[in-house]
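Sequences listed follow chains A and B, in order. As numbered in the numbering used here, residues 1 to 295 make up the first sequence, in order. As numbered in the numbering used here, residues 1 to 402 make up the second sequence, in order.
Hint data in this document are derived by calculation from the structure and do not stem from the laboratory. As the structure is a prediction and not an experimental result, all values here were calculated from the model. Among the hints, a few may not be true.
To be verified - Partner residues aside, some chain B positions facing chain A, computed with beta carbon under 8 angstroms:
(1) K12
(2) D38
(3) H109
(4) I336
(5) D349
(6) G358
(7) W363
The beta carbon of each residue, even a glycine, is placed where N, CA and C say it ideally should be.
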Amino acid sequence: MDRRSLLKVGGLLGGALGAGKLLDIEALANPTADRVASLPVLDRVKIEPGEDVLIRMQRELVRAMNKPIEHRRWGMVIDTRKCVGCHSCNVGCIMENKLPPGVVYRPVIDLEVGKYPNVGRKFLPRPCMQCDNPPCVPVCPVKATWKRADGVVVIDYNLCIGCRYCITACPYQARTFDFGQNWASNAASGQDGGLALETGRKYEQEPSFEYGTNWHRGEGVIPKSPVGNARKCTFCVHRLEHRQLPMCVTTCIGRATLFGDLNDQGTLVSQQVIRNNAVSLKAELGTAPKVIYLI
Amino acid sequence: MAVSSLGTTSRKRLLWVLWVLAAIIGGLGFYERLVHGDRAADFSSYVPWGLWVAAYIYFSGLSAGTFLVAAATYVFRIRVLDPVCRLSLLIAAVTLPMGLLMIGFDLGHLERAYLVFVRPQFHSMMAWMVWLYTAYLILLFSMLWFSMKSVQPGRNPAAVTSDLATLRVLGLIGIPLVIGFAGGVGALFATVAAREYWHSSLFPIFFLVGALTSGMAFLTAVVSWLWPSRDAAWKDLITLLGRTVLVLVLIEFILEWAEFSIPSWYQIGSTYDLIRYVLFGPYWYVFWLVHLLAGVLVPVLLLAKTRSPGIIGLSAALVAVTFFAVRLNLVIPGLITPELRGLEQAYSDPIGNRLTFGYMPSWFEWQLLLGVIAFGVALWFVGTRLFPRVFPSSSQSSEVGL
Numbered sequence: 001m002d003r004r005s006l007l008k009v010g011g012l013l014g015g016a017l018g019a020g021k022l023l024d025i026e027a028l029a030n031p032t033a034d035r036v037a038s039l040p041v042l043d044r045v046k047i048e049p050g051e052d053v054l055i056r057m058q059r060e061l062v063r064a065m066n067k068p069i070e071h072r073r074w075g076m077v078i079d080t081r082k083c084v085g086c087h088s089c090n091v092g093c094i095m096e097n098k099l100p101p102g103v104v105y106r107p108v109i110d111l112e113v114g115k116y117p118n119v120g121r122k123f124l125p126r127p128c129m130q131c132d133n134p135p136c137v138p139v140c141p142v143k144a145t146w147k148r149a150d151g152v153v154v155i156d157y158n159l160c161i162g163c164r165y166c167i168t169a170c171p172y173q174a175r176t177f178d179f180g181q182n183w184a185s186n187a188a189s190g191q192d193g194g195l196a197l198e199t200g201r202k203y204e205q206e207p208s209f210e211y212g213t214n215w216h217r218g219e220g221v222i223p224k225s226p227v228g229n230a231r232k233c234t235f236c237v238h239r240l241e242h243r244q245l246p247m248c249v250t251t252c253i254g255r256a257t258l259f260g261d262l263n264d265q266g267t268l269v270s271q272q273v274i275r276n277n278a279v280s281l282k283a284e285l286g287t288a289p290k291v292i293y294l295i
Numbered sequence: 001m002a003v004s005s006l007g008t009t010s011r012k013r014l015l016w017v018l019w020v021l022a023a024i025i026g027g028l029g030f031y032e033r034l035v036h037g038d039r040a041a042d043f044s045s046y047v048p049w050g051l052w053v054a055a056y057i058y059f060s061g062l063s064a065g066t067f068l069v070a071a072a073t074y075v076f077r078i079r080v081l082d083p084v085c086r087l088s089l090l091i092a093a094v095t096l097p098m099g100l101l102m103i104g105f106d107l108g109h110l111e112r113a114y115l116v117f118v119r120p121q122f123h124s125m126m127a128w129m130v131w132l133y134t135a136y137l138i139l140l141f142s143m144l145w146f147s148m149k150s151v152q153p154g155r156n157p158a159a160v161t162s163d164l165a166t167l168r169v170l171g172l173i174g175i176p177l178v179i180g181f182a183g184g185v186g187a188l189f190a191t192v193a194a195r196e197y198w199h200s201s202l203f204p205i206f207f208l209v210g211a212l213t214s215g216m217a218f219l220t221a222v223v224s225w226l227w228p229s230r231d232a233a234w235k236d237l238i239t240l241l242g243r244t245v246l247v248l249v250l251i252e253f254i255l256e257w258a259e260f261s262i263p264s265w266y267q268i269g270s271t272y273d274l275i276r277y278v279l280f281g282p283y284w285y286v287f288w289l290v291h292l293l294a295g296v297l298v299p300v301l302l303l304a305k306t307r308s309p310g311i312i313g314l315s316a317a318l319v320a321v322t323f324f325a326v327r328l329n330l331v332i333p334g335l336i337t338p339e340l341r342g343l344e345q346a347y348s349d350p351i352g353n354r355l356t357f358g359y360m361p362s363w364f365e366w367q368l369l370l371g372v373i374a375f376g377v378a379l380w381f382v383g384t385r386l387f388p389r390v391f392p393s394s395s396q397s398s399e400v401g402l
């Protein structure tokens, strides 16, 4: 792929956030119709051996999105050997979903092992595993959380009663509770205090586009969702709908996070999950995660 | 006599002052909860349930335990427990709303609680609990109503017989219902496979026996302290109740021994680590001092040795109050270890510390619990005035003997 093509696709991927605002978005917790879509820019990028995996995954994403939802099965592969522990996936996720303090979808576990001088570090990004057999779903007393036809486990913020039973039931602790906190409270004091406060307040007012809806949080006698709700990683279903890869995939500097349709045998992720070194976390529980780690 | 009546008056005044204080402090807590949600609570995303959930299972257990005493008395015609029937029902009717209020405040969106009926999820143990509580609430208040009607002065014997027959039928329905929800609360925790500390078949049984133990102990303490007549029949009744509490505490202890010793025997496994946390972790005193010493050893020794109604009442109160420690030790330890090693340091929350595995109930949480207790006392006050025949008159009381 030549440099011009790369720039074109890069621009397309980078404009992801803005696109969400331009398009008429709707709740995606249960998408009823699939949009016909193509990314003309991709047609002008030739498929070449050794091309950037982001371009390949982008192409595979468009292909998958043109199938009916029940024929897709989203999966993620995280290559721990490539992860450098930069946390940019987590930061990207926080910015994309406008996460408040205390809510996190993709923390990166950073373990130090060994004894000096024989020491090492291990990194394990931990998004929602999007289990095929999700233990968080049947515990919900009001059916506010379920597995979509494409395998993504979602929460309807307008139904969740905030009992936190699902949080206890997740063996990966991938769900967190929105306590209504904001970055502006307890903002840094001193020289940059004013700036920190102003930035925090601006951030608070930014909507989150999760599930394709504009969420404006707020506390009160009846809190404005998602305050008072359980929250979790959604594989950025709102971005997928606009043919954009999940934010953590695009911000990974080492191409350690791969994403695609596990039902399509030609996708990068389908080729990776059958490798000898592919493992899932706590496989013995029978949750059948769709996030697979290469170790 | 004059001195004693003066003492009673000052004691009453003191209790009133304490109640008003509790109501004010608790009321402020209610306000904080309604306006700012759970922000002042110390529970978090990683320890999502805390003091309020423990209080909820404690109060609902008290209700289940005392209800079972009344229902069994009506169904199996246990004549000796007849005088405490209505009292048991009233205690059950007071403690259940306390538990429900506590868990209601724990919800992030209380205003959506009705969805449990509109969008039922039949797999969810929590949904089952809500439905069972609702059925139980209706049944309990019906039984309370009929039981009070049955002792109304001037009620003709035929009507009384009919009341008792109705109570027997309601009691018959109530017993499996209450066994279902008392054990069901245990199942709510035990069915969560992700939490090894909870995931035990013994949990529902433990909860059921716990409900009976704490309920019976609470009832015994109330009978000991508030019974109007202090005659021989009352002494016999207290002795019987005290002995029952003793047996129940011992059964509970055997279950606890099983629950703790089996996973710890070979000192390996993750449940063993959690049990070590309960026994020797930062809150070791909750188990050793509050539960084992004050809630088991001292009451067992006293109940085995004494026949003094006052001491029996004190021992039973110790069992009932310290049982809260058992509830805390059932809920919290299941949540205090990361499911994935290193998660505790992966990402932090500098604002509210919500991504931590440490938990210590905040003042706000205690404040709300105090408010719920004040609410319960108010309910009790209203209940005893609505139904003055909760305690039998001395003539009725002395008819009953062992």
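Verification of the hints:
Taken as an interface hint, B/K12 does not check out: its beta carbon lies about 36 angstroms from the nearest beta carbon of chain A, beyond 8 angstroms. Because the smallest distance between the Cβ of B/D38 and any Cβ of chain A comes to about 6 angstroms, under 8 angstroms, the interface hint for this residue holds. Because the closest C-beta pair between B/H109 and chain A is about 5 angstroms apart, less than 8 angstroms, the hint holds. Hint status for B/I336: violated, given a least beta-carbon distance of 12 angstroms to chain A, over 8 angstroms.
Hint on B/D349 holds. Least Cβ distance to chain A is approximately 4 angstroms, under the 8 angstroms limit. Interface hint status for B/G358: violated, as the beta-carbon distance to the closest one in chain A is roughly 14 angstroms, over 8 angstroms. Restraint check, B/W363 versus chain A: the minimum CB separation of about 17 angstroms is more than 8 angstroms; hint violated.
Hint violations for this structure: numbers 1, 4, 6, 7, all remaining hints satisfied.
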